[in-house]
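Protein chains in written order, with full-length UniProt numbering: chain A, 1 to 294; chain B, 1 to 270; chain C, 1 to 305.
For the record, the hints were derived by calculation from the structure and aren't laboratory data. Quantities reported herein were computed from a predicted structural model and do not represent experimental measurements. Watch out, some of these pointers could steer you wrong.
[What the hints assert, rightly or not] Just the calculated beta-carbon pair ranges, DEER-fashion:
#: 1; chain 1: B; residue 1: Glu231; chain 2: C; residue 2: Gly286; range: 53 to 61 Å
#: 2; chain 1: B; residue 1: Ala30; chain 2: C; residue 2: Gly296; range: 35 to 43 Å
#: 3; chain 1: C; residue 1: Pro43; chain 2: A; residue 2: Ala203; range: 55 to 63 Å
#: 4; chain 1: C; residue 1: Thr133; chain 2: A; residue 2: Val42; range: 17 to 25 Å
#: 5; chain 1: A; residue 1: Val42; chain 2: C; residue 2: Thr99; range: 38 to 46 Å
[What the hints assert, rightly or not] Chain C stretches covered by chain B per the calculated footprint, using a threshold of three residues with CB under 8 Å from any CB of chain B:
#: 6; stretch: 103 to 114
#: 7; stretch: 294 to 301
Even for Gly, the Cβ is constructed at its ideal location relative to N, Cα and C.
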Amino acid sequence: MNARAETLERAVRGRSLWRDALVRLRANRAAIASLAVLGVIVAACVAGPWFSPHDHFTQDYGAIWVEPGLTDAHWFGTDSLGRDLFVRALEGGRMSLLIGLVATLVSLVIGVVYGATAGYLGGRVDGVMMRIVDILYAMPFLFFVILLMVFFGRNILLIFVAIGAINWLDMARIVRGQTLALKGQPFIEAARMAGAPAPAIIARHIVPNLLGVVAVYITLTIPQVILFESFLSFLGLGVAEPATSWGALIKDGADEMGRAPWLLVVPAVLLAATLFCFNFIGDGLRDALDPKDR
Amino acid sequence: MLLDVRDLQVRFDTPDGVVEAVRGLDFELAGGESLGIVGESGSGKSQSVLALLGLLAANARVSGSARLAGGDGGIELIGARRRVLERVRGARIAMIFQDPMTALNPHLRIVTQIAEVLVRHRGLRGRAARARAIEMLEAVRIPDAARRARYFPHQFSGGMRQRVMIAMALACEPEILVADEPTTALDVTVQAEILDLLAEARARTGAALVLITHDLGVVAGQCERMLVMREGEVVERGGIEGIFAAPEHDYTRALLAAVPRLDPPGGGGS
Amino acid sequence: MLGYTLRRLAGAVPTLFILLTLAFVMMRAAPGGPFDGDRELPPQVRANLEAKYHLDESLYVQYGRYLWDVARFDFGPSFQYRDVSVNDLIASGFPVSATLGAASLAFALILGVPLGMAAALRQNGAVDYTAMTAAMLGISIPNFVLAPLMILVFAVYNDWLPAGGLGGWQHYVMPVIALGTAMMAYVARLARASMIEVMRSNHVRTARAKGLSAARVVWVHALPAALTPIVSFLGPAAAGIITGSVVIETIFGIPGLGQFFVSGALNRDYTLVMGVVLFYGILIVGFNLLVDLLYGWLDPRVAYR
Chain A
1 MNARAETLER AVRGRSLWRD ALVRLRANRA AIASLAVLGV IVAACVAGPW
51 FSPHDHFTQD YGAIWVEPGL TDAHWFGTDS LGRDLFVRAL EGGRMSLLIG
101 LVATLVSLVI GVVYGATAGY LGGRVDGVMM RIVDILYAMP FLFFVILLMV
151 FFGRNILLIF VAIGAINWLD MARIVRGQTL ALKGQPFIEA ARMAGAPAPA
201 IIARHIVPNL LGVVAVYITL TIPQVILFES FLSFLGLGVA EPATSWGALI
251 KDGADEMGRA PWLLVVPAVL LAATLFCFNF IGDGLRDALD PKDR
Chain B
1 MLLDVRDLQV RFDTPDGVVE AVRGLDFELA GGESLGIVGE SGSGKSQSVL
51 ALLGLLAANA RVSGSARLAG GDGGIELIGA RRRVLERVRG ARIAMIFQDP
101 MTALNPHLRI VTQIAEVLVR HRGLRGRAAR ARAIEMLEAV RIPDAARRAR
151 YFPHQFSGGM RQRVMIAMAL ACEPEILVAD EPTTALDVTV QAEILDLLAE
201 ARARTGAALV LITHDLGVVA GQCERMLVMR EGEVVERGGI EGIFAAPEHD
251 YTRALLAAVP RLDPPGGGGS
Chain C
1 MLGYTLRRLA GAVPTLFILL TLAFVMMRAA PGGPFDGDRE LPPQVRANLE
51 AKYHLDESLY VQYGRYLWDV ARFDFGPSFQ YRDVSVNDLI ASGFPVSATL
101 GAASLAFALI LGVPLGMAAA LRQNGAVDYT AMTAAMLGIS IPNFVLAPLM
151 ILVFAVYNDW LPAGGLGGWQ HYVMPVIALG TAMMAYVARL ARASMIEVMR
201 SNHVRTARAK GLSAARVVWV HALPAALTPI VSFLGPAAAG IITGSVVIET
251 IFGIPGLGQF FVSGALNRDY TLVMGVVLFY GILIVGFNLL VDLLYGWLDP
301 RVAYR
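Between the sequences and the hints, there should be enough to build the whole structure, so can you do that?
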């Protein structure tokens, strides 16, 4: 996580004009292409299932292990229960993307509130709050999440909370650093002199200044969360049937890959392409906000 | 002529377009002579000397000519092959940089950093190179040099680090010493010591000096001739005494007026 | 430096304490116990078992007992594998996992650092773009995707490598690649970024101004400075490899700690899971300490205060 924290910190430093950033982002062909591909994937996942005659859970024993083919009724083939993989892949994408987005927002909110509070209050409170973050950093959290899943059953809400609760640490550190730096600035002093309460100052003056880093954070955290959910689902600890996700599909595919490799390849390609696009966009966004390396 | 620079141009390709840093610089340097190049930051004075040694960033484009005496009709430095430049750098033309804090390698001991120049250009081996490096440190009056040679740069003060830089530059007794703002990053009290040391070293080795600075006071004490640069071009050139007595260009006059106290230009020595 | 090491070790105690407490609380709060199997045990047998494993005592007593045992590095008996202690299981699984992890880390560093350096020295050239696109691909393909795909190609379609289990070095090839690829990609990106920065630094310019050969400038002057971010990445990298090993060991059927952890969690083997989590915690803390010491060795400016 340190490497990513560093990346984010770099994003903070160059808070140049958004318009400049946009121009630079447009010049980054890899990022623009990724944005386009990601747009297609997201649109397909959101709208695709409505346009298919199949749904993701109906089993059809007359059509099991149908091979993929565009002339067929099943473009991506079917699985061992005769379920249509095209719809299942898109349905799984819905779930993966949703989890990615929601868990990222959860961690974002926790991280910003925690970091801004610590940085703004400073002193001993800050010391204690950051020491807690340090301790949590050293925890092998993933194992706790696995335990949670095992003990309390698979539950989407639990996945959101668990992943969000892990990911906020990076954000808290960065926001705290930024807040400390901003706190000394004259316009914050002025607001304080004018008698504005601390939460108002944080909300009005400090949070808007963090927009750049937040944008980078979101694009780099979503793929991480998707990856993590897939990891859990692959271990059989993620979303439960009949709901599905890319990780769960990959798990099913891996179990039957000798017989029906497309069951593995389709969700694997979709997942990898999505992560690839998010990472390139995040990189491009960071470079656009901080052109130091170009 | 030891060094003959003709129509030197330096351009940088940046995302925001081409920046012309040096626009047609000419100068000559005879052996043992000392030349000051004066100008504000951004006037192109550092870029021109870095260009001579091929030390500019990758996005720089250099044109023109710079001939260094030696061989048949001299060595052309601009556009020279890497191996040719490597034999000139540190051996015939050595540089002293502005910020001794960052110009030395923090990961290597002082003695290693000086000895490697001797190994490279003089073919000395391990112990001999280190012994010579310690002599160089003694020559720049670093007390207890034998012990401190094993220090890392961060264990020295700013002035001491600049002495190390000078020792390193002098290691192979170069014909030309290029000092790029050698005292700017130092305390005022230390500045004078470093300048004295530089003058002393030149007296000992007979090296020519190209001194880049924005400080006319420094030039007055060290140089015989000077160039005044502004926005990549030379606006005035000549002997120190002439320019100080009767500057021709408005810009030079402005620079002179900015110097709080002018020593009478007295023969260039310390 | 000894004092620093000791202080760092002492600083890790609260972390481990919280880790242990959290693990204990979660285990006991979980619904279902180790003896809730498919078959209902006779009450007497059940009571005997609970007495044997001290499950009949109050939670505080159990917690105290556990802390005391752990302080003596005794993780207790495994619930799942009767008559085998958790210590024995860790002792048998750790060498396997450590071999796999060390090989993956070595794979990542030995390939990643030169790749990143090559890209940095030809910045914005073809090598750079190719290497960095490949690195992004490496980061974006999860190990649990890479592993089955490799099995499909190298073990199912072609009989080139064993699909799983332990044996000769061939058994390690696919697991190491699966586990090390993402790490290698990270290292390459990190190495590239830091190398580019270092090559622009003043001290590298000095080295070039001294007329040193390009090789000496890169290897002696630039590389040590460029390696420091990679060294500090080793801590998170080790944690990542431990995490990854859980799924990789499961996929390839390698009897390491990761597989014990998964099977322990699924079978509610309290002591085994707690033992493994705690062992991982100690491992990560120890590794981070090692990394800090290495960092200091690489950068003489770091003082152990």
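Hints, one by one, checked against the model:
no. : hint                            : verdict
1   : B/Glu231 x C/Gly286: 53 to 61 Å : holds, 59 Å
2   : B/Ala30 x C/Gly296: 35 to 43 Å  : violated, 50 Å
3   : C/Pro43 x A/Ala203: 55 to 63 Å  : holds, 60 Å
4   : C/Thr133 x A/Val42: 17 to 25 Å  : holds, 22 Å
5   : A/Val42 x C/Thr99: 38 to 46 Å   : holds, 42 Å
6   : 103 to 114                      : violated (count 0)
7   : 294 to 301                      : holds (count 4)
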